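2 protein chains.
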Amino acid sequence: MSDLLESALNPQSVAVIGASENIHKIGGRPIYYMQRHGFRGRIYPINPARQEVQGLRSYESLAALPEVPDLALVIVGGDKAVAAVDECAARGVKSAVVIASGFGEAGAQGRAVQQAMADRARAAGMRLYGPNTQGLANFGNGAIAGFSTMFVEVPPADGPIGIVSQSGGMSAMAYGLLRGRGLGVRHVHATGNEADVTVSDLAWAVAHDPEVKLLLLYLETIANPGMLARTAAYARERDLPIVAVKAGRSESGQKAASSHTGSLANEDRAVDAFFKHHGIWRVRDPHAQALAAEAYLKGWRPEGRRLVVISNSGASCVMGADASEEFGLPLAELSPRTRQDVADRLPGFATASNPIDITAALLSNSGLFGDVLPAVAQDPAADLFFINIPVAGAGYDVEAFAADTARFEASTGKPVVVAAWQASVAAPFKARGIPTYGNESEALGVLAQLASHTALMRRPQRAWPAEALPPLPAGKGRFMNEAESLALLAARDIPVVVHRLCRSARQARDAWTAMGVPAVVKACSGDVPHKSEHGLVALHVRSADDAAALFEKQWTRLAELGASQDGVIVAAMHRGRHEFMVGARQDPVFGPVVVVGDGGKYVEALQDVAVLLPPFDSADVGAALRTLRIAPLLEGVRGEPPLDVAALCAVVVAVGRLIAAASGRIASIDVNPVLVGARGEGAMVLDALVERA
Amino acid sequence: MSDLLESALNPQSVAVIGASENIHKIGGRPIYYMQRHGFRGRIYPINPARQEVQGLRSYESLAALPEVPDLALVIVGGDKAVAAVDECAARGVKSAVVIASGFGEAGAQGRAVQQAMADRARAAGMRLYGPNTQGLANFGNGAIAGFSTMFVEVPPADGPIGIVSQSGGMSAMAYGLLRGRGLGVRHVHATGNEADVTVSDLAWAVAHDPEVKLLLLYLETIANPGMLARTAAYARERDLPIVAVKAGRSESGQKAASSHTGSLANEDRAVDAFFKHHGIWRVRDPHAQALAAEAYLKGWRPEGRRLVVISNSGASCVMGADASEEFGLPLAELSPRTRQDVADRLPGFATASNPIDITAALLSNSGLFGDVLPAVAQDPAADLFFINIPVAGAGYDVEAFAADTARFEASTGKPVVVAAWQASVAAPFKARGIPTYGNESEALGVLAQLASHTALMRRPQRAWPAEALPPLPAGKGRFMNEAESLALLAARDIPVVVHRLCRSARQARDAWTAMGVPAVVKACSGDVPHKSEHGLVALHVRSADDAAALFEKQWTRLAELGASQDGVIVAAMHRGRHEFMVGARQDPVFGPVVVVGDGGKYVEALQDVAVLLPPFDSADVGAALRTLRIAPLLEGVRGEPPLDVAALCAVVVAVGRLIAAASGRIASIDVNPVLVGARGEGAMVLDALVERA
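Residue numbers (this note's numbering), protein chains in the order written: chain E, 1 to 693; chain L, 1 to 693.
Take these hints with a grain of salt, some might be off.
Identical copies look the same in the list; a pair holds intra-copy or inter-copy alike.
Cut-off 16 Å, straight-line C-alpha distance, at most; resulting in silico cross-link-like pairs (EDC-like, lysine to aspartate or glutamate) [unchecked claim]:
hint, residue 1, residue 2
1, LYS255, GLU325
2, LYS414, GLU552
3, LYS255, GLU333
4, LYS213, GLU552
5, LYS414, GLU303
6, LYS414, ASP79
7, LYS276, ASP527
8, LYS601, GLU640
9, LYS255, GLU237
10, LYS601, GLU635
11, LYS601, GLU87
12, LYS601, GLU533
13, LYS80, ASP598
14, LYS255, GLU267
15, LYS255, ASP510
16, LYS213, ASP239
17, LYS430, GLU399
18, LYS25, ASP268
19, LYS430, GLU21
20, LYS601, ASP268
Because the hints were derived from the structure by calculation, they are not lab data.
Predicted model, so just to flag it, every value in this text is computed and none were measured.
Based on the sequences and whatever the hints tell you, model everything.
As structure tokens, then:
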């Protein structure tokens, strides 16, 4: 952890500028919390109107303190806040937490004031938290530089969870939900407007706390993706799962977010790809974060997704089978031996296949649970276990079921979760540390998340070697013309269509003759990136005369459009099995972003695409392709041969490496269509458009 | 309600065959429940070993009773159960509830015994409930012919909800969840194996209880769709919402269901269409049924879906905007006047657009809530209101917020729901009857369901006049040939491609000449329904000679295949904007089912389809088309004109009416592709295949 963050999360001395005697006021709460929750450093209330605050000596000013504090908590607002920050910076305070709002979130003027304040702090070597933040809280050492009322509502307990959030409300909510589930929470930090320190910075610091076993983030913008990526890499290394909420998913949400904190909206698919790439699991809200926490803390890292469902209700078995498909957790195919073992232990009318229906016979024989579980435990086909008890109560020995389940979990180490909505049924399981949920969707959602997130965290990290790109063709327009674009791809060993750039009707005639029928004739000009919209693409050209005539027509048309007459392309016309699109762009936040999807003219309308962030390899592209709606076509349907997916993957990797190598020179690459043939036939780029940076 | 059902749900006398003194035993519980919950009829315990059971005189046998009871509850198992049922039937008992399991769910032999028992009961005029059922319970009159332990776990209270379920476990679970939410439940009925009485029969009866305002169903099979449809029609008439769980959605689930109760698996898309058609809302499980119950019981029937989000957390506003898109509840565009009114009431840095961010200023001014709500109430753009309070506690006057919300709701009558996970925050709202949920997804899910279900219940019901279909072309094969199939469609005014059935090369030559280029030549044989797979379709035929040659080739090929040589079709070749598919089949459960979707060769692989049940009209088809993934193409993209959706809808309606009129004669109709042109250009069927019943 850097020293500067250390000064905020583990300060030896804290000044509270605007300290209050009233523990219900913002200026009173941090002092109250620190004294109450065991902070061992020195607390300096600053309040010129008082001699003493909450039993501590009160000081008139920062200057009056006996030392320069590590951390200053700025409670005062408006101009006074700015003045206090400046004084902290001048005096060598290491970190200042600015609670006051009315800065960046309040409009252009506030943004300017905030920026200037942060710039001065940075120049002085002080880190700034906020403004407009609920502050920081470390229950590992009692350093509570924050004012959340939630620490009164739900008493804190130190534990293995860290929360870092842009929003104070969401940090408090996650904290409260986790504590409500009986889980201990160490870090509860909010970054507010992020004039200096971001969620990513604090995530880095918290990830380095060895006691933290689960890191939860809430973001409205990813201000510092590089730092977040580094944090994620470090977290994967030490097997620390990160579960993030990124709000502002939708257009309306991004609008709301920008009025909330002035966030820069990131295209949501790129955000998804970023999280996925770095092994961060994304969920919709703090409820989902809290829901899965216990299962993560069990240390379960399932190797597979094959599920066993056990219930005392036949209907729950039916619904469990439905849900196994819904959540992508296929029912484990139990071995004949396991099935026989289970059947031997169950009454005759019970089902010994998976889902396992223990039936209401459980009512008369409480031992059934304990009998069945070991029989299943020995089957290697099972990765995950789900016990659903929709109905129990008087007459059921739930304590015995729970003890049997705990014994099962301890002996197998495999994930086992329970759904029981009756508090009396859930309690014995919870008491034994079995993650227990109110319903099947929650329970299976958590198992699915655990399995998927584990796979994501263990995904091999790829590396692309640094490489020097030869100079791009000279030109001052925004776009390279098609011939230049295709040549750039071809130079990277990407297969492009056979074509000639012609500058006379004669050349067009010769090119057609060389190509054979049918051919395509299309105008080539950096000024006309979208040729078809201007009638500048002719398909199925069936004679050399036609090609020559089309040259004249298109050449003239370019002149009419006032576009540069770079030439006319005559290209061979190909048929493949399917058209894909590959795109790449420099994202202002994430850098190179690559898109692959169903191609053709309806790319934008149907949006059947997947996003990848570099570096990635063919296996990653293949996995992305399998998420497309058209994925069934990849393997061949209706007697068709499978597509040459490997060739397509190679094109996608090559396009990704090109834009990564051309950082600062290429803004975007649009390759559409890429014609993909049957396996072994390869792929071929028919059209390309490169945009200069 | 029919008399027979009346005898079960409102019996004047109940015999319990296998009565027990022990109130924890299955034979003891019904008597205990009836005495405890105010049953005013006569209870006759039958237990030859006892003089008295639970304070009531015990009888040796059915014959010993002073009267023939309305209802007999058969607790004894196995052969004794069968004998008891037979005796009840012989003596004129009106209804028998058979608790015992080991019948239809236990295999072929059990099924046979169950069937014979039910047949004998039916012949005697007795209705049979079960076997393998938890029984019936009517808390309106205390007639509890069931043994669920849940009535001990969660004390009953009569109320406006009826539950009818195949599964005893699921009826108990729904009951328990509803009671846990403080809602009263009158009917809790389980039908088990449904040897006679089905969920649909009981739903019909319960729907006729005027006190019931919400009807919840759980089904694994729809055994009696006609009765369920009638029930739904009656329910719509009296504004009674029906919310159903249909388990066995997936293939694994259907497999599990068939081992559970021997259910006949219905194709799940048809199930969805059936529910939709009849205004029944489908949810995943009893949790979802219980979750939405309170909002239904408020009587809210929203006219629209435009949402207003109000929160004291900026982050919740961002997430609320995301969620509004996720749940299809667009944010209401508040009028400038409303926004000004709201802005006037909020502190400067708060947001006056929708979502409305009251900010933490609520902490210092508890009146903000009460100030803002009336300002929004007057705006006609708002249909639904969602108040999200992710964080509150000491210092917040939650009582005042709740009182203001209740006042708002009372004055507008518009749906308003709250999300608050802190029990202390939720309680004041709940106390005032405001539906309050643990999180945003639950709250908005309920609002979306309410809006969608209301629209579904109010959908105009269509009617198709009965019509006589002329005789189908004679033939004994399974399929009509293409020419016959096209002719059948054409006779129903469905536009089909211009074509000729040729029986000689000469005719093929003439036909080509009449058609012009390019044409299609394809073999026509009722024995070869899938022509392309045998190379029997030639596209782009460019000369009369080619047509003649193709005739010879295809004619010979038919002979080689041993198929009937019905002829060779020469058809005009058309281009349209998009290919659709229309299919229709006689479903063994639902009768005629119509499918429309993206057409072409990948229909099965990509499955972009919507299902409709007759009768429906063009508006219904249009709505179905808008659920397709290719829906964006309907309106025209990339400068293309919109498609002739009206023409496509007309084809779908005509195909639906054809299969409905041909019930018993046509098993299926496959129309693929239907070529649809730009608006005004019409639609045209290029190929059709009719399967005889």
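Status of the hints after comparison with the structure:
1. LYS255 x GLU325: This pair counts as between: shortest inter-copy Cα distance 13 Å, intra-copy 36 Å.
2. LYS414 x GLU552: Answer is neither; intra-copy 72 Å and inter-copy 67 Å both fail.
3. LYS255 x GLU333: between (48 Å within a copy, 14 Å between copies)
4. LYS213 x GLU552: neither (70 Å within a copy, 76 Å between copies)
5. LYS414 x GLU303: Close inside one copy (10 Å), not across copies (50 Å); limit 16 Å.
6. LYS414 x ASP79: neither (58 Å within a copy, 44 Å between copies)
7. LYS276 x ASP527: For LYS276 and ASP527, the Cα distance exceeds 16 Å both inside one copy (37 Å) and across copies (52 Å).
8. LYS601 x GLU640: between (23 Å within a copy, 11 Å between copies)
9. LYS255 x GLU237: So LYS255 and GLU237 fail the 16 Å test inside a copy (36 Å) and across (43 Å) alike.
10. LYS601 x GLU635: between (23 Å within a copy, 15 Å between copies)
11. LYS601 x GLU87: neither (61 Å within a copy, 73 Å between copies)
12. LYS601 x GLU533: Result: close within a single copy only, 12 Å intra versus 29 Å inter.
13. LYS80 x ASP598: Close neither inside one copy (57 Å) nor across copies (65 Å); limit 16 Å.
14. LYS255 x GLU267: The answer is within: 12 Å in one copy meets 16 Å, while 42 Å across copies does not.
15. LYS255 x ASP510: Neither: 56 Å inside a copy, 66 Å across copies.
16. LYS213 x ASP239: within (8 Å within a copy, 53 Å between copies)
17. LYS430 x GLU399: Within one copy only: 11 Å inside a chain, 33 Å across chains, cut-off 16 Å.
18. LYS25 x ASP268: neither (39 Å within a copy, 58 Å between copies)
19. LYS430 x GLU21: Intra 41 Å, inter 36 Å, cutoff 16 Å: neither.
20. LYS601 x ASP268: Neither way: LYS601 and ASP268 sit 23 Å apart in one copy and 33 Å across, limit 16 Å.
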